[in-house]
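Please model the entire structure based on the sequences and the hints provided.
What follows is the residue order along each chain.
Number of protein chains: 2
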Amino acid sequence: MTKTILDLLDERKYSEIALALKDMNPADAAMMLEELPEERMPIVFRILPKELAAEAFAYMDSDSQEVLVRGFSDREMDEVIGQLFLDDAVDMIEEMPANVVKRILRHVDSDTRTMINQVLNYPKDSAGSIMTMEYVALKRMMTVRQAFDKIRATGVDKETVYTCYVTDSTGRLEGIVTVKDLIFAESRDVLVKDIMETNVKYVHTDTDQEEVAALLSRYDFLAVPVVDAENRLVGIVTVDDALDVILEEATEDIEKMAAISPTDKPYVKMNVLEIWKKRTPWLLVLMISATFTSMIISAYEGALAAAVILTSFIPMLMGTGGNSGSQSSVTIIRGLALGELKFRDIGRVIGKEAVVSCMIGLSLAIVNFAKLMLFDRAGFEVSLVVSFTLIAVVAVANIAGGILPMLAKKIGFDPAVMAGPFITTIVDASALMIYFAIASSIMGI
Amino acid sequence: MTKTILDLLDERKYSEIALALKDMNPADAAMMLEELPEERMPIVFRILPKELAAEAFAYMDSDSQEVLVRGFSDREMDEVIGQLFLDDAVDMIEEMPANVVKRILRHVDSDTRTMINQVLNYPKDSAGSIMTMEYVALKRMMTVRQAFDKIRATGVDKETVYTCYVTDSTGRLEGIVTVKDLIFAESRDVLVKDIMETNVKYVHTDTDQEEVAALLSRYDFLAVPVVDAENRLVGIVTVDDALDVILEEATEDIEKMAAISPTDKPYVKMNVLEIWKKRTPWLLVLMISATFTSMIISAYEGALAAAVILTSFIPMLMGTGGNSGSQSSVTIIRGLALGELKFRDIGRVIGKEAVVSCMIGLSLAIVNFAKLMLFDRAGFEVSLVVSFTLIAVVAVANIAGGILPMLAKKIGFDPAVMAGPFITTIVDASALMIYFAIASSIMGI
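Quick mapping for you: the protein sequence lines, in order, are chains A and B. FYI, the numbering for the first sequence is 1 to 445, going by this note's numbering. FYI, the numbering for the second sequence is 1 to 445, going by this note's numbering.
Keep in mind the hints are simulated off the structure, nothing from the lab. Incorrect hints may appear among the rest.
Chain B is faced by these chain A residues, among others (derived, beta-carbon under 8 angstroms) [stated by the list, open to error]:
(1) Ala27
(2) Val108
(3) Phe184
(4) Lys201
(5) Tyr219
(6) Val355
Only a predicted model underlies this, so the values are computations on that prediction, with no experimental measurement involved. Backbone N, C-alpha and C define an ideal beta-carbon position, used for all residues, glycine too.
Laid out in structure tokens, this is it:
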């Protein structure tokens, strides 16, 4: 696709390109544009039918949007920026340098400018920052017929018309009416107040976006209303934005657990310097914190020199501890993120992890003891030391992995950051101390 | 909430319970029911208004559904099961034992039974297995007025009426019309064929559910049509199911990367035996595979005995290698899962990882060398050996972490399973071999 377009561009067959692209889906057109070389993108963008171009623009990543905006004429600014939904416009503006933002804001009407500035002022990752203010508002005394007229009169630019919001004279949310309710109303003269749902779930402007997405997913809503401190309706968050949030937050959590500083940029878009910045700080911290393990080993240098065979099991013990710790911590971190676990469950978690870790530790120790005796011929004492250590290490790892994320959450730290990277360090140090303690008591070294 | 209800139950104040619960949201009612002791759940379920009870049932987890179904009278079966959307009914049946399924199927009409059996036959995690067959079908020659009549006549039980599907006489999908298109049509006499969108995105019954969810999210759709091998429309997947899929798949990927066998059950619902089963197999495999590291250390026993100080840096080197490897592998695995990376990008990935790992390795080595010389006073030779090893280990870890997930995907294995748990083992073994090789060449041991 991209290749054919580049060929046609070289041959200056612009009308053929126009013909090939005119029925494209906006999201596909955006992807196609992003794959073009930067200097060609504006040319192809201008060949697209105006409406498709404006819609495709909303789907593009901010780097490509910036390339286009920098080359836009004033008329193109009006055509493209004027067409954007408010939340897409805000998403774009958040990523642009200040001089480009200024130019963009000159090309929107003053109402929109006020709304954009308002949304930009909400904290990052809050409901306010991802909501749109473009929704259909109805009044309780309207008839179904009037409601449809209102939707037709004002709805064409709204991101969703399927859920309409009923507010009182002070802007407070009184209820919601879906288009389905309106279609299935017994007659077109029924009043909105008689079919509206008054038991409405809503969020506040400062509710965390992850909570908003969880709420949309739990109740299978297409949109959820956002209210301010005085319970006045100020916007809505639609399900497509909730989907984006869920994907984004899952990626962030995965990155944090792997000790990477999260960013919104996909790997393919990042240059090596950006990747370096994301990865190095955590590696440095963890490298320095491994000083503990070095110190423990140095302290037992004499014991190790006396029984060098003990050294060869250090990696296996530390590895098993690390794996056990990440098994339990990852389970708990995910449970906290999905809202399945709360801090008050900490007692149950500790109990469960204690029992499970005994079962796991025993299973591993039995297999390991047999392997050491029969296959490695490591001798009875060494086999015993290693196997006992396994049981203790698995227990420490599972319980630390269960408790630390919950404590992190309780004291307001991010469980994925706090718990993920640090558990290995804690487990490594404990594993060594346990190992040497058991070795010296059994082997007397 | 739950506590108050239990108190009221003890006092047999059933009408007060009914009053407290009657306006509850179905999803909230489901959560409340699940928190009740198993023997109390059916009583409270029966106190709920019939419609709310049926709706709440659809939101409950399969264990609780089973408890209720086992106690249902024939009339209750009709009332509750008859109200379920097809996809919810299928979700439930998939988790039930055969004798309960038989009883359920006796209580649905024969059309529904045929549809349920059809959906049950699609492969697990395919579009067919998560779709619903309840959608509004229109014909191209209908007017907007007739379309609204059709929606009113057939739509009340459909999971979504907002996207309607236009099919020809053989059932092939010709286009889609949204209710928004119908509302905004110039007159009620316009024909569906003149306002329908014919460039329709669809999926096949055997398309993987993750791809379906990605498509809904990319195009911001509320539903996507599912067609069979002859391109006949057989069902739709709605956005609320896509949300569930995305949450589920993210959890699965996270679990696999942490070497846990994934299940659909949340942690709080699993007993210790189930948790043991999820975790132990991988720990055993990884424990046994750590034999390599033991063998490498044993082979260099002499060298270690000569310079015991080298032992104390083994945990730090292996830890840094493991962390680097998981940083790159997790980034690549997530990129593959989100469709941002394809196998053809492997050259770019290797190039990027090679450059990044040099930068990271050098940064770590410089800090480490300074620390070893000034703080640990480990001596020039040892500091040099450890720092050089760091650079090499980071390079191996990053490149292995970059390549292995892509190769796994290419040969049809799950990148998260293949790459996640095994990278540490590979990196551990390489780290030791590199360490001893550099040590013997610099220190001549």
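Quick rundown of the hints versus the structure:
1. Ala27: Since chain B brings a Cβ to about 5 angstroms from A/Ala27, closer than 8 angstroms, the hint holds.
2. Val108: With Cβ-Cβ at 22 angstroms, over 8 angstroms, it is violated.
3. Phe184: With a minimum Cβ separation of about 6 angstroms from chain B (threshold 8 angstroms), the hint on A/Phe184 holds.
4. Lys201: holds (7 angstroms)
5. Tyr219: holds (5 angstroms)
6. Val355: holds (5 angstroms)
Hint 2 alone, counting from the list given before, is not met by this structure.
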